[in-house]
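Trainee: In case you want the letters, here they are:
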Amino acid sequence: MSMTTETTTQYRVIGTRPVRHDGVDKVTGRAAYGADIQLPGMLYGKILRSPHAHARIKAIRTAKALALDGVKAVVTTADLPDPRGKSANLGELGEVPLEDLSRNVLASGKVFYQGHAVAAVAASSAHLAEEALDLIEVDYEVLPPVLDVLQAMRPDAVLLHEDLHTSEFGKKSNEPSNIASHQTFQRGDIQKGFAAADLVLEREYRSATVHQGYIEPHAATALWNEDGQVTLWCCTQGAFTMRTSVHQILGIPVSKLKVIPTEIGGGFGGKIPAYGEPVAALLSHKAKRPVKVVMDRTEVFLGTGPTSGSYVKLKMGVTRGGRIVAAQAMLAYEAGGFPGSIVGAGGLCLLAPYNVENYSIEMYDVVVNKPKTAAYRAPGAPNSEFATEAMIDEFCEQLKMDPLEFRLKNAAKEGDPQANGVLYPRIGCIETLEAARNSSHYRSPLAAPHRGRGVASGYWMNAGLTSSVVARLNSDGTVTLGEGSPDIGGTRTSVAMQLAESLGIRAEDVLPSVLDTESVGYTEVTGGSRVTFATGYAAYEAGQSLRRQLIEQVGKMWKVEPDQVSFSEGVFCDRKDSGRTIDLAEVAGTLAHRGVDIGARITVTPQKVGGAFGTHIVDVEVDPETGKVTILRYTAVQDVGKAIHPSYVEGQMQGGVVQGIGWALNEEYVYNDEGKMLNASFLDYRMPTSLDLPMIETIIVEVPNPGHPYGVRGAGEVPIVPPLAAVANAIARAVSVRLYELPMSPSRVVKAIQART
Amino acid sequence: MPTKVRVSATINREPVDFLCEPRQSLLEVLRDVQKLTGTKEGCNNGNCGACSVILNGRLVNACIVLGVEAEGAVLETIEGVMGSNGLHPLQTAFLENAALQCGICTPGFIMAAKALLERNPRATEGEIRHWCAGNLCRCTGYDKIVRAILDAGQRLEVRPS
Chain H
1 MSMTTETTTQ YRVIGTRPVR HDGVDKVTGR AAYGADIQLP GMLYGKILRS PHAHARIKAI
61 RTAKALALDG VKAVVTTADL PDPRGKSANL GELGEVPLED LSRNVLASGK VFYQGHAVAA
121 VAASSAHLAE EALDLIEVDY EVLPPVLDVL QAMRPDAVLL HEDLHTSEFG KKSNEPSNIA
181 SHQTFQRGDI QKGFAAADLV LEREYRSATV HQGYIEPHAA TALWNEDGQV TLWCCTQGAF
241 TMRTSVHQIL GIPVSKLKVI PTEIGGGFGG KIPAYGEPVA ALLSHKAKRP VKVVMDRTEV
301 FLGTGPTSGS YVKLKMGVTR GGRIVAAQAM LAYEAGGFPG SIVGAGGLCL LAPYNVENYS
361 IEMYDVVVNK PKTAAYRAPG APNSEFATEA MIDEFCEQLK MDPLEFRLKN AAKEGDPQAN
421 GVLYPRIGCI ETLEAARNSS HYRSPLAAPH RGRGVASGYW MNAGLTSSVV ARLNSDGTVT
481 LGEGSPDIGG TRTSVAMQLA ESLGIRAEDV LPSVLDTESV GYTEVTGGSR VTFATGYAAY
541 EAGQSLRRQL IEQVGKMWKV EPDQVSFSEG VFCDRKDSGR TIDLAEVAGT LAHRGVDIGA
601 RITVTPQKVG GAFGTHIVDV EVDPETGKVT ILRYTAVQDV GKAIHPSYVE GQMQGGVVQG
661 IGWALNEEYV YNDEGKMLNA SFLDYRMPTS LDLPMIETII VEVPNPGHPY GVRGAGEVPI
721 VPPLAAVANA IARAVSVRLY ELPMSPSRVV KAIQART
Chain D
1 MPTKVRVSAT INREPVDFLC EPRQSLLEVL RDVQKLTGTK EGCNNGNCGA CSVILNGRLV
61 NACIVLGVEA EGAVLETIEG VMGSNGLHPL QTAFLENAAL QCGICTPGFI MAAKALLERN
121 PRATEGEIRH WCAGNLCRCT GYDKIVRAIL DAGQRLEVRP S
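Order-wise, the sequence lines are chains H and D.
Going by my numbering, the residue at position 471 of the first sequence is 471; the numbering climbs one at a time, nothing skipped.
Going by my numbering, the residue at position 150 of the second sequence is 150; the numbering climbs one at a time, nothing skipped.
No lab work stands behind these hints, which were simulated from the structure alone.
Computed from a predicted structure; not experimentally measured.
Glycine residues also receive a C-beta, built at the ideal position from the N, C-alpha and C atoms.
Among the hints, a few may not be true.
[Said to hold, decoys possible] Short derived list, chain H residues pointing at chain D, Cβ under 7 angstroms:
{"#": "1", "residue": "G23"}
{"#": "2", "residue": "Y214"}
{"#": "3", "residue": "E216"}
{"#": "4", "residue": "P646"}
{"#": "5", "residue": "Y648"}
{"#": "6", "residue": "Q654"}
[Stated by the list, open to error] Per the computed footprint, the stretches of chain D lying under chain H, defined by three or more beta-carbons under 8 angstroms from a beta-carbon of chain H, are:
{"#": "7", "region": "55–69"}
{"#": "8", "region": "94–107"}
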């Protein structure tokens with residue numbers, strides 16, 4: 001179902017649902033993903049990982065492993081250049097100390113989490129490489145692990161990094177600390193705000209460490225040639241960001257490294273950092289053969305970035321009329337073994353759907369002995385907005401107010417300030433809430449024992465950043481389109497459709513592909529819901545350029561001024577002589593024979609990014625005996641600006657919802673006291689299956705983003721934000737218990753029901 | 001180096017002989033020996049279904065079958081689903097229903113769905129959700145996959161292949 005709010009423009013391509021261009025390869029098994037790369041003479045690399053959560057490395061002895069027949073190379077951190085004092089610009093992730101990147105790829109001196117890579121082997125088979133790992137001897141001095149974010153913040157806590165000082169308001173603390181940074185957002189006067197409140201609540205919310213859970217494990221194949229040229233095939237969300245990380249970690253010039261992105265089997269933010277990629281290159285350098293490093297599932301859980309477990313303390317005050325007058329929050333996010341959680345985004349999104357005049361938000365980035373966290377779909381936002389949205393539901397219950405009415409009373413609109421002070425441009429928060437209120441789901445009755453309906457909203461700011469495309473007209477009038485953005489969910493098509501619309505041809509007549517770092521301009525990662533927005537913007541510009549060039553060429557052929565030539569539906573017309581026409585294929589063939597190359601190279605960095613709001617409605621049934629929560633019905637309402645390919649927009653919404661449901665109900669890293677993860681498999685880390693879910697209904701709201709030629713905002717991330725609180729609120733309505741800690745697993749729900757008085 | 005065993009089997013209607021180590025899984029044999037990389041590895045311990053193949057008419061996870069167990073077996077992988085008439089109705093239904101995003105789980109889902117629809121092309125939504133519970137997808141939320149399988153069932157009833 002789709003609701004158009006403002007769009008009146010008629011499109012020929014946009015809004016249709018063509019079969020995706022890479023579809024046949026993907027339903028026949030022909031598409032080549034990370035682990036599918038096979039090169040002549042290729043070796044298999046495996047990585048030795050720390051069994052301890054926190055330990056000093058006293059010695060690493062590799063001689064026995066090297067002596068094993070079939071082993072061609074062993075590497076440790078000693079094979080990497082000294083990273084100290086340098087930094088790497090990772091675009092969306094900002095400026096990151098190279099030392100942290102390098103030490104996370106291969107530990108030096110200390111291991112900071114169970115699964116931290118310590119050494120690696122290349123051998124003629126994967127089994128042999130695993131045997132060789134057993135022959136590497138590492139002496140560890142085991143240290144006490146720091147697992148809880150609040151404990152890690154205490155002044156007497158065991159330190160992970162003796163040289164880490166808190167970065168606070170532009171200064172560094174004198175004493176070392178596990179708190180990497182402390183920032184604040186403030187507006188108005190919270191004392192005054194709380195004084196005006198009729199009702200004040202204060203709660204603590206916790207969420208567990210959860211993983212992105214992409215089905216394809218990380219895979220990288222590298223060939224370090226004798227001329228020093230390195231080629232890297234990998235399933236990354238950003239070939240250019242990977243190139244930056246790897247060339248800096250290896251200390252080789254950027255021009256010596258070519259990154260070829262393979263198909264990618266899911267990422268959700270987790271396939272941005274480098275893990276096995278530089279290791280594969282190092283092994284190839286030593287072994288003088290291509291080396292493939294593929295993780296297994298346990299390595300993915302232990303050795304790659306999940307998202308932060310978090311603690312949020314929230315106090316809010318509202319008037320009897322349902323107006324939020326003050327908010328005070330403290331957010332502490334786990335960064336994992338190295339600094340850099342996404343707590344800032346958590347703070348920015350905490351109150352984003354509402355116009356709150358008085359607030360103070362304190363944000364702490366804290367290192368703990370868990371894997372270095374990575375981005376995960378709307379990184380940081382689900383953790384914090386869970387708190388806000390759950391508390392709003394408590395207010396609504398106490399005030400006996402409809403939860404959508406409450407949100408509408410407080411909804412953010414154009415011109416309201418965001419937490420960082422920037423004023424909102426045109427946004428669709430109110431339209432989304434209204435669409436939820438008018439939905440058949442919200443209007444349907446739900447009255448049965450142990451059943452409840454929850455609603456929650458969410459916001460994600462989305463990203464712009466740099467994207468590039470190259471386009472060339474083929475001699476039959478089709479257009480070959482090369483994109484710098486790895487395609488994780490059908491973006492070849494959503495980008496190609498924008499070129500098709502812009503130029504005036506059919507979607508099927510654009511032939512899109514994803515290019516390597518030598519074949520297209522710089523392009524930031526596939527993340528931040530930015531590909532259809534920014535890469536699509538580049539494709540729009542490419543279409544406009546091709547159109548101008550073609551009209552000019554037809555003008556030359558007809559010996560008329562270009563503005564006398566029109567082009568529509570594949571046919572050029574002479575505006576002054578309606579009988580004179582020529583179709584695109586004929587023009588393209590003629591130009592090709594004359595040696596005229598019609599093409600465009602476009603790089604854009606669009607600034608006017610459109611943030612996205614979603615409101616979700618969920619009906620659950622809770623089994624009071626077992627605590628099992630069944631999702632009966634789910635509706636996601638979202639402002640996407642403009643849906644280029646509605647099927648894939650719906651798909652993003654549905655997929656985000658289900659990841660959110662998993663986060664709400666089941667998923668968590670379970671640790672023992674030693675900091676060892678007890679459930680590093682898909683059996684025990686319980687992601688939702690088809691049997692756990694109903695169909696996920698979607699309502700697309702379209703409030704166009706004025707910063708994009710077709711109004712695109714970006715759709716991928718915000719749908720993971722509302723489910724956490726929506727499900728919690730539904731449980732509260734069903735069985736009158738509020739859970740403040742995620743996941744709301746059956747055992748926690750049962751305990752809460754039993755404790756109910 | 002362990003001794004390799006010679007195995008004879010039928011893969012996608014072609015007779016094949018291959019050598020494999022006794023410790024190699026069927027998944028490794030398919031991917032690394034036969035170069036049939038359409039069958040994917042997601043977990044290597046039978047929990048995600050990305051490596052679903054049909055072995056003697058039964059749906060199995062190739063990662064928890066040994067290569068040597070394929071001796072004399074008839075195997076069907078994603079590479080064998082397309083017939084001489086082009087795409088299988090399941091493949092068409094997945095494309096037209098936008099039932100894939102990243103696509104890594106797609107071969108496994110198509111094999112699982114094929115095994116189901118060959119038994120029961122009229123499988124209901126509930127039966128599909130139950131049957132496919134061994135196949136994980138992290139992108140789609142399953143909605144469009146279930147719809148594609150329902151759609152394919154209807155196509156197969158109209159035009160049995």
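Trainee: Hint by hint, note whether the structure agrees.
Mentor: Cross-check of the supplied hints:
1. G23: holds, 4 angstroms
2. Y214: holds, 6 angstroms
3. E216: holds, 4 angstroms
4. P646: At about 9 angstroms, which exceeds the 7 angstroms cut-off, the nearest Cβ of chain D leaves the hint on P646(H) violated.
5. Y648: Holds: closest Cβ of chain D sits about 6 angstroms from Y648(H), inside 7 angstroms.
6. Q654: Holds, about 4 angstroms.
7. 55–69: violated (count 0)
8. 94–107: Three-residue rule met by the region 94–107 of chain D, so holds; n is 13.
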